[in-house]
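Undergrad: Below, each chain spelled out in residue letters.
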Amino acid sequence: MLLNIKNLHASINGKEILKGVNLEVNKGEVHAIMGPNGTGKSTLASVIAGREVFDITEGEVLYKGKNLLDLPVEARASEGIFLGFQYPVEIPGVSMTNFMRTAVNEQRKYHGLDPLPSGEFLRMMEEKKQMVEITAKLNNRSVNEGFSGGEKKKNEIFQMAMLNPTLSILDETDSGLDIDALRIVANGVNKLRGPENATVVITHYQRLLDYIVPDFVHVLYEGRIVKSGGKELALELESKGYEWIKDSL
Amino acid sequence: MKNIENSFPLSDKLINNFEVYQDDIKRNDDEEIFNVRKKAFDQFLKLGLPTQALEDWRNTDLTDVYKEEYQHYYDNPGIVEDVDKVFQCNVPHLDTIMLAMLNGRYVSKDEALVKLENGVIYGSFAAALQQYPDIVAAHFAQYADASKSAFTAINTAMAQDGFFIYVPDGVEFKKPLQIVNIINHDKNICLQTRNLIVLGKNTKLCLIHCDDSYNHQKSLSNTVSEIVLGENAILDHYKMQNVNNASTIINATYFEMKDNAQLSSNGLSLNGGILKNSNYVKMNGRACECNIYGLYLMDKKQHIDNLVFIDHLYPNCNSRELFKGILDDSATAVFNGHVVVHKDAQKTNAFQSNKNILLTDKAKVNTKPFLEIYADDVKCSHGATVGQLDNEAMFYIRSRGISEHNAKMLLMYAFADEVIQKISVLPLRYRTEDMVKRRLRGELSVCDQCVLHCSTPEKEYNFEIDLTKV
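So the sequence lines, in the order shown, correspond to chains S and V.
Heads up, the first sequence is in my numbering, so the first residue is 1 and it goes up one at a time.
Heads up, the second sequence is in my numbering, so the first residue is 1001 and it goes up one at a time.
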C-alpha cells in the first residue's frame, strides 16, 4: 500500500478540521476526493504534503509503510509526494529554471545522485513543457509571476512532470480553468499515470473526472470521508448534489 | 579652544588639527578655496558633531565613534610603494578605467591627473585644485551645504584629496570609470575625502565607486561628493560598500541636475559597521529624471542609515526611490526619504518605496518615507514595508523538495533581485548577483577579492592588479 491514512485528526488554531479521515491508496490508482466547500479537502492535501500550520492531534499517515508525519515538507517531496496547489504562489525574482533546477537537484541529492548535467536538465525542461503545452519561454520568467490562472495550473502539472512523483495530490487543479486548459492539464496528468504511481484529485465538480477518470471517489464531509465508491458516485453526486449526502447521514 | 556646540574627542581633535595642520591642508588651495574652507570650518564650530537630537540622526548613534582614537594624516601623500600590490579589481568582462584611492589618497603609477584628447579630465582632486583651480572653484562647496551638515562642513574645511572627473560638453564617455577606494592601514584612521564630478551639457558617464577595506582596523571615513549633471547629461552611478565591521562610513553625495538631466544612482551596501549614506538631489532644471536605488544586507550588529532628499524645483521632473534591505541578527537600518515638491514643480512624479525583511526578532528598521508637496498637479506616492519571509512561498518552495535553508536563500535573493536588476552594466550586475548570493550564504568576506579573508586574517595577502588600468 502506498498511502494509508488512519483516523487522522488535524486542527488549526485549536479548530478541528479533519475529524478522523481514513483513506487507502495503492500504486496505479486514481482517487477523487469530492465534497462541499470548507469540509477539509485542502487541509487533507496540505497535511499530507507537510504544511506545518496544522496540528495533528490523532491518527497516523503511513507512506510506503513509513510514518509520513515525522518527515519535514522537503523530505516528503523527495520521497515522491507532490502537491499541486489550488493557489500556486507567485515568487518574484526566482526564475522557473532556477527553481526547477534547485528542486530537481535537491531531490537527486536526497537520493544520493549527482546533480543533473545542465544540458540534460534543459532538455528535460523542454520535453515536459511540451507535454503540458507551455509555449512561453520559462527561462527568464519568475515562478508564477504574471501567469494567468490557466498558466499557473499548467505550471503545476509541468512541475509534477519534472519531479516525477510517486503520489500526486492535485488540489482543485480544475478551478479557474477554461475547457481547453482543463483538457491540457488532464492530458498531462493522464500521461504521467503509471502502474508505479498514484494520484489523488481533489475537486468540486464532476467535470474534471470526465478527463481524469478515477478508480475511486470519496466524499469528504465535515472532516470525515462519509461515502466511497467507484466513478459512478461522482455522477450521482453531480445529479443529486451534496444535500443528498447530508440527508443520507 | 573655540566655542563649540558640543564637544567630543573627535571634534576637539579635528578643530585642533585644522589649526595645527593648516599649511598642509591648504597646500593646494588658492585664496578663494581657502576662504571657503575657513567659512565651512566656522559652520562646523557652530554645528558641532551631529547627535541623536537631530532629526536626520535620530536613529544613528555615533557617540562611540566620536570617542574613538583615530590617526589623522595631513602630510604629503608621498610615494605609494607597490601600487600593484594594493589593488585588484576582478569583475570578469568589466572593462573600465580604474582610479585608485588608498587611505583617502589618490594613487597612481604616473600622473595624478589625466587629460584625454576629448577633453575629459580624471584623477586626483588635490591635483585638480592646483591644475584646474577655475573648474574646482566654480563647483567646490557650491552644492554641498556646509551650513546644514557638520560632516559636510568639516569635510569642506579639511579634505585634501579624492577624485576629480570633468567631462566637457558633448562628450559621451563610453568606458565606465571605476573608483576603488581602499582602507588598508595598520592604525585606526580617520579620513576625509572629497570628490568632484562635473558633467557638461549633453554628456554621458558611468561611474562605479567601490569602498573596500582590506584589514580589520577601525576606521572612520567622511566622504563628500559633489556631482553636477549639466543639461541633457546622463549619469549612471553605482556605489558599492563592502568594508569591515569596524568601519564607519559617513558618505554624503550632492547631485545637482540641470534641464533634462538623467541620473540613476544605485547604492549596494554589503558590509560595514556603521554606514550613513546621504543622497541629496537638487532637480534644478526642467524635465529631469532621477532614480535612486539602494540595497542593504546587514547582519551582526551592523547599522545602516540611508537618507535621500530630493528637491523638485521645476516642472515635469520624475524621481523614484527604491530601497530594499535584509536584516539578520541584531542589525539595524534606517531609511529617511524626503521629497519636497515646490510650488512651481507642477507635473512632478515622485515615488518612494522602502521594503525590509527582518530575519530575527532583534533586527530593527526605522523607516520614514516623507513627501512635502506644495504644487497641486503632481503624482506622488510613498510606501514602506517591514516583514518576514513569506510563509506561503516558503511552503511552496519546500514542497518541491528544496530545503528550508535553500528556500530562504531563494526568497532573500529574489527580494534583493529587484534592485540588482536595475544595474544596467551587465558584467557589474552579474558580479553583484554573485556577491549578493555569497553574502546571503554568509560566504562573502570583507572584500570578496581580499585574500585576507575575515575568517582567516593571518593569511598573507598577494594581490594582482592590472596596472594598465590604474
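These are computed hints drawn from the structure, not numbers from a lab.
Some clues are possibly wrong.
Using 20 angstroms as the maximum straight-line C-alpha spacing, the simulated EDC-like pairs for lysine to aspartate or glutamate come out as follows [claimed, not checked]:
{"id": "1", "chain 1": "V", "residue 1": "Lys1408", "chain 2": "S", "residue 2": "Glu29"}
{"id": "2", "chain 1": "S", "residue 1": "Lys152", "chain 2": "S", "residue 2": "Glu120"}
{"id": "3", "chain 1": "S", "residue 1": "Lys152", "chain 2": "V", "residue 2": "Asp1390"}
Examples of chain V residues toward chain S, derived with CB under 8 angstroms [what the hints assert, rightly or not]:
{"id": "4", "residue": "Glu1392"}
{"id": "5", "residue": "Tyr1396"}
{"id": "6", "residue": "Gly1401"}
{"id": "7", "residue": "Asn1406"}
{"id": "8", "residue": "Tyr1413"}
Covered, in the sense of this in silico footprint (three residues per stretch, anywhere, with C-beta under 8 angstroms from a C-beta of chain V), are these stretches of chain S [to be verified]:
{"id": "9", "region": "26-32"}
{"id": "10", "region": "40-52"}
{"id": "11", "region": "64-75"}
{"id": "12", "region": "81-88"}
{"id": "13", "region": "106-115"}
Idealized CB from N, CA, C, for every residue including glycine.
Undergrad: Is the interface hint satisfied for V/Tyr1396? The criterion is a beta-carbon contact with chain S at less than 8 angstroms.
TA: 4 angstroms, holds
Undergrad: Would you say the region 64-75 of chain S counts as covered by chain V, given the rule of at least 3 residues with C-beta under 8 angstroms?
TA: As far as the region 64-75 of chain S goes, the hint holds, because 3 residues have Cβ atoms under 8 angstroms from chain V.
Undergrad: Please verify the coverage claim for the region 106-115 of chain S: does it have three or more residues whose C-beta sits within 8 angstroms of some C-beta in chain V?
TA: holds (count 3)
Undergrad: Taking only the CA atoms, is the gap from V/Lys1408 to S/Glu29 under or equal to 20 angstroms?
TA: Given that 20 angstroms is the threshold and the Cα spacing comes to 35 angstroms, the pair is violated.
Undergrad: If you count the residues of the region 40-52 of chain S with a beta-carbon closer than 8 angstroms to a beta-carbon of chain V, do you get 3 or more?
TA: Since three or more residues must qualify, the claim that chain V covers the region 40-52 of chain S holds, with 4 doing so at under 8 angstroms.
Undergrad: Are S/Lys152 and V/Asp1390 close enough, with their CA atoms no more than 20 angstroms apart?
TA: 19 angstroms, holds
Undergrad: Take the region 26-32 of chain S, compare each residue's beta carbon with every beta carbon of chain V, and decide whether three or more fall closer than 8 angstroms.
TA: Since three or more residues must qualify, the claim that chain V covers the region 26-32 of chain S is violated, with 0 doing so at under 8 angstroms.
Undergrad: Using Cβ atoms only, decide whether V/Tyr1413 comes closer than 8 angstroms to chain S, and label the hint accordingly.
TA: Result: holds, 7 angstroms to nearest chain S Cβ.
Undergrad: How does the region 81-88 of chain S fare against chain V when you require at least three residues with a CB closer than 8 angstroms, holds or violated?
TA: holds (count 4)
Undergrad: Taking 8 angstroms as the limit, does the beta-carbon of V/Asn1406 come near enough to a beta-carbon in chain S?
TA: 6 angstroms, holds
Undergrad: Is the hinted pair S/Lys152 and S/Glu120 satisfied, with a Cα-Cα distance of at most 20 angstroms?
TA: 25 angstroms, violated
Undergrad: Is the hint on V/Gly1401 kept, meaning its closest Cβ partner in chain S is under 8 angstroms away?
TA: 4 angstroms, holds
The structure does not agree with the numbered hints 1, 2, 9 stated previously, though it agrees with the rest.
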